Amino acid sequence: MNIVVPIKQIPNLTDELEINGDGTGLDHDALQYVLNEFDEHAIEEAVLAKEAAGGTVTVIGVDTTGELDGALHTALAKGADKAARITGDFPRGTDSHTQAKLLANAIRSLSPDLVLTGVQAADDRDGQIGPMIAAHLGLPYVGVVTGVAVKDGKAIVHKEYAGGLMGEFEVSLPMVVGVQAAHQPPRYAPVSKVRQIAKTAKIDEIAGDEAAGAGSTVRRMFKPEAAGHAEMWEGGPEEVAEKIAALIKEKGLLKG
Amino acid sequence: MLTSFEKLIFILMVAVFGGLTAWGFYQIYRIIRRGRPAARFTHVIPQTVKALLEVGLQKPMYKSRPILTTFHALIFFGFSYYILVNVNDLLEGFLPGYSTAEVSAGIIGLLNLLGDVLSIGVLVGVAAFLVRRFIAKDKRLEYNKDVLLLPGVAQGGIKRDSLIVGLFILCHVGSRFTGQALRLAEMGATNPAQPFAGALSLLLRALPPSAFAPAIHASWWIAIGLIVVFLPYFIISKHVHIMAAPLNLALAKQAERGRLDPATSPTNGQGQALPLPGAATLADLAWPRLMDAYACIMCNRCQDVCPAHNSMRPLSPSALEINKRYWLNANFNAFAGGASSPPLTEWAISPEAVWACTTCYACVRVCPVGNEPMADIIDLRRRLVNDGAELDSGVQSTLEKIGKTGNSFGQAARNRAKWAASLDFKIKDVRKEPAEFLWFVGDYASFDARVQEITRTVARVLKSAGVDFGILYEAEKNSGNDVRRVGEEGLFEQLAEQNVAAMSKCTFERVITTDPHTLNALKNEYPDYGGKWETIHYTRLLAQLIDAGKLQLQHKLSHYRVTFHDPCYLGRYNNGFNPPRALIRAAGCEFVEMPRNKENSYCCGAGGGQIWMGSTPVGERPAENRIREALAALDPSADGAGGNAKRLLFVVSCPKDVVMYSDAVKTTGNEGKIEVRDIIQLIAEAMGEGRLLTSNHKPQNAIPA
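Chains A and B supply the protein sequences, listed in that same order. Just add 21 to wherever you are in the first sequence, counting from 1, and you've got our numbering. Just add 1 to wherever you are in the second sequence, counting from 1, and you've got our numbering.
Just chain B, with the same shape it has in the complex (with noise of 0.2 Å):
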């Protein structure tokens, strides 16, 4: 079809654009090797081959926003199809006289039909993405007003270049579709395998004879000329995402969700300097961050389930991604060539923004693309943390007081099982007998006033269903899960080798744990400490006695609608979804979901050192808005306003949720409405107090204020 002299532009436009795109793809792959050394990776081709099942099926897009999905779906469908399509079109510029427009029968007949059926999705899909985008202005787009963007982000560079690449799209698709319709009204046909190009070639018949040649060599040039012109775009747009997004996830971390990466490379030891915790500028982070840049699309679906930007904080984790981005683009081949970045915390994320992280992981679980902004965020921590810089007073004052009495209360060591004295039994002490559990009960079980009579039903209910436990008195500390999230690696480090030394001079079997937090730095980092036990929740163990009849509920607390919060370090990071779920039914409840549970938990707000600090948020606090997503999943008026309407329960299994949501059901003027209940008040309430070993304590529905 191509005349020689189209052939030879062609070859040239190929040379030139393939080889400009060549060099901006080394460029890419030089700017990420300026990031720090990442832990090496295992099991690369099933990894490799799960990421592109996973892509093929869009699986991780349908974690969030299904029906915008469904359109990404259509165009991606359509996208990856094209690319033997493309062939094709090769064929029938470079080949003359070749043409499969015609074809209805056999293979290529079958090819054809998907070809002009897919078009027409990808279509569809990208003129709803623009719609949704300039006409409906979807609010999800937009950041808060304090998140801080580089100036080419402010001044609406996205919406510039998702214009480019979605009318790239609508006319490489469209020209493409419209070629095969001018060719085959050219010929006065129509082909059953091509029925939405043969209905637009029944109106394309009306042109005169003479217009289609050129015709079908202009659509042939918008078609696939504007592939080879759009290549070297790709290395500046957010449409790279298209090879780096399936790279980014077959290349994601493979460790355990709950381990954290170290603050430092590993060093060749060779009298090479120390380097320093964490990252300051953009060569400091790990070279997956780096990539992460690079395969983020820009979809602000981390945004949607971020507790800091939906309570109006400044943060954004698709801000950070996208500012890194730009500012990627802006200094390409100076950071290429091994300029450094300024300080992060200038240009990419503001330390408001750094604080304000409550390290929920709910961005990282819902990135389509696979990104870690929360490991950019603990990185940065880290650094301010090592440079002296000022921090909350808050998290600077628990910080000391972690250190010098190594828990958060600053209280003294002796006093951490003073909870356990009005138990009218005596707790082992498992650093003098042995015992088949080793309870770590961490502090906000052991000090705060609000949990203490949580821990003694804790420790009574194993007690009763005949548990073999002993906790560590004084000899535990803080677990230093939070310490280490707020960035204080040194001070995390010190409490993993205290409390794996102490607790390697006991004899146990397996470790129980009240706090989350804790069962999270347990069960997942001190490993690398030395500390290499099977550490469980205690909601696992009660399900497990329950299982093994064990644990008897006598009554059936039927006259409660529960719902239940899952933690964020006992359900997205540690997959404890299901023993809770299982003690409250085996209680008898009513339950219901909340709209947001298990993987899409929304978190209380008080992770990752927020609880120990200062400032609140100015906006709806997280864990007010949960109480109201709770009573709205409940909907208090469904039993009406008879004496017999079901008490509604909000359920916790984390000692920081009780303080959390005690405080959010005041605040929210909830009192009397729904109660916050730890599930271990549930169990033992349905025990009932014959089965219980019984003590000085207040009944079971109070949480003390």
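Chain A on its own, in the form it takes in the complex (with noise of 0.2 Å):
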């Protein structure tokens, strides 16, 4: 069985956020970079199948910070079997229209039989590029899922809906998954290993081609406003709950 992981890297959420001097996104180049958590998800899913089933697993990405390849040694040190990079003029923060157009260009010659994406990333939370590959492929896709199991040629996968509920979906191969959660937390790579798989680790090389063009444009991003204000009230505990309550009675919540 043939898995293809595509990833995707993105601003470390402990930095904190820039804005660019536009005012229209991040300023990239003052982010540190990592590989988005729901593909860590991916790829743990991906390793379990595989060891699951058989096969081998690939990992896939277009390199926007020309620092793909720790990302994929870790990926590597963690049993995927096989790496790929897509380079070209792609800057930090390509849109995820380009990226999934030139993931599914690359993917398309692996020939796979399942594809295993993270079902969102944090920086344009917009869950397409699963999507989008699944329809450049014309293969199924399943999003928010939390387990994949594969057997005769078909996946069944669970997906998490709202309330708790799970719904079990069989669905004949390849196909494309949006992974929320592996079934098991994603396993530590010790860095000897990654260490070493930077020295021996072959890493093919893909060129991408044009850029697709993001679907959407930003006008404007902005840190949070501040609206209205909070007001702190002091005082021991008794004169504080007769605040609240002379509060509750003068905006009509009790009854009587």
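Derived lysine-lysine pairs resembling DSS-like cross-links, with alpha carbons at most 25 Å apart:
hint, chain 1, residue 1, chain 2, residue 2
1, B, 419, B, 433
2, B, 405, A, 220
3, B, 506, B, 533
4, B, 419, A, 244
5, B, 405, A, 223
6, A, 103, B, 405
7, A, 220, B, 402
Treat the hints as calculated values from the structure; they're not laboratory data. Given the structure is predicted, the values throughout are model-derived calculations rather than measurements.
Fit chain to chain and form the complex, with the hints in mind.
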């Protein structure tokens, strides 16, 4: 079985996010990039599927940072078998439409049975890469998946609905899955292994063609602006309790 | 004395049992050789002399349990002396008419006296041990209920072995002693050089004359013949410690305590596959760790001082050594011949126990036979991490944070020096301008909101004392001390290389650290990565400044009664016992030691990655135990309930301790009774605001919650 995991790097959210000069996006150059957390789960689910049903896992991404290799090496250390990097003039923050197109073109030549990718990423929150890859390749797509089991050319996927409901789908392969969470926490990649792999591993290079263009443009990006204010009540517990009671009465929240 | 037939039997027995024993020792040698290569030994001869002297004085044993150790010393001195006695016994057996029982003068008389007195010492000592184990049933010989034990151990193997060894000694020494009494009784003599045997002989005179000869023969056989029969049992008994322990001490690790052995042994480099780091099975351990199993006398002193065992976690360092030994006994020839063991985590120590260790070094320090169970545990962690075993989620996420951001808080590197922003002076960027001291601040001191005020106080005190110092700002990364101790060798190496690279570009003379863990890595482990600087803890620098008159304390803080907690990585690991005490004295506080202090300090429970783990022990946490110990030592009632009672302080000098003990004061319900203070807060207060550069800081006496 041929499992392909498209991945994407996004800004590290523990950094303080800076807005660029135009006020239309993040100041990417000031940010540190890390692998999208949902893609970490996709890699884990792919390795788990391989361990259960056999096959190879290929991890692939568009190199928008010049640092994709680090993420690929880590994936190899976690049990992926092959890694590929799509190269070209794609800057940090390249939109999801362009990345999906580039990934779909590259993945087509890999003739995958199963494509597992993160259901969304924290940078654009549009959750489009998985569905768009599926559309480009003409494959079925199920998103928000929390577990994949492969048997006899079919995949049983569990999808999580709101309110804790679960759906179980049986889908003929090949297919694309948007992973919400792997059915086990993503494993740790020991640094010595990652460093060893960094010295020896071969990463396939695939030249990317042109940018596809974003489906949407951001008019304005800004930090939350304070609207209204909070009033802090001081005093002892009884005093504050009286104020709360008075407010509830004033707002008409109590009947009678 | 012996008949020719008896002599023949004895010689045959020596040949058979001696041969069996020699073969057994050869197998033990082969077993120990199965371990992976260890660091090369230097100074073997002085180390051996030192080990023999220390064993002779029983010094390693007196580190704990002084009363039991005294009983052991009685047995040890007697048993050692018996080597000489037994030679004389052989002569008595083999030389017709030769006996020294009656000699009271000259050198033989003196030897007789010693033999007589020491025999009683041995008998008293062994009796005391048997009473302790079988009648008093000392609880320290038991294990927490979830400690993994091999069936042979769980079913009372140690008890049986102890009984056999105890009875052997009683028979051997008792019979030899009785033999001397019988000889005196037969002759109707007394001997002032054998007072105890002489006393017994008075009773034995009641025997019919015909009984003496057979009784003397019997006593000789029970004394001397028994040794020969017992020799092969040594091979499987814990009693083999009488040989393995001195050897283990002579060959003990000579490097600094705080420098871990490498995760893999060096390869010959000739196209050999890189060995996996750490250990999964017995043969993956370094060979001294296999010898540990033979040196272990199963006394559980290590367990007594283990913070994990004392908080009811399933870790017992001694159980690990004992399991190793019992497994080797059961698979003696197979393992010597090259068979491999199942993974250690299946039978020697549970994975939960592996992850419970705080790497406080107390077990290694207290061990009277020089064992290093902690080294096994770290090697096991190294392999588990390498094999992608499921890690504690807190450990995994912290390692990932450190890998991504260089700090255990997952904060952006440029936030590292944010704590310094509210100072009213700018700390030198040592990357841009030279400084006398490079201050390696550390993660907790830099990022933890509860510690930052203390870090600022360190900066203010140093500045006020005119110390020329600078920091690395965002170029500093986690030192990797605890990263290495959770088994992530690769990440540690990466951090060490990055820090050494950043520091190498700076111009400075010495390094100071706030965090003892950081001190340990920089001082003991960075030299292997090219970082060869003199690194000291800030308490040492402050003590030096006071001595040199550069730091003057104006106020005497005599209204405080304080105790001091030695952090493992400052005290036990790096011998930093005195500077903090000197500082407390200089600040004029009333100082009280806790019962467990200095080398015997009790870990706060944070080390070895525990501070990153989500799990909490079932029992009393080490830090809570320690707060109670401190309160008992400081005795809050001593000053009465009067209004002028002294304030009780629990003084620390490690950022992690600030966090651990502030929590423990709350969880033990002792808020208001005792306060946790970093030593720097005392110094700042004693300096007085006038001598301290000011800044927008909060009052000194509050640890922010």
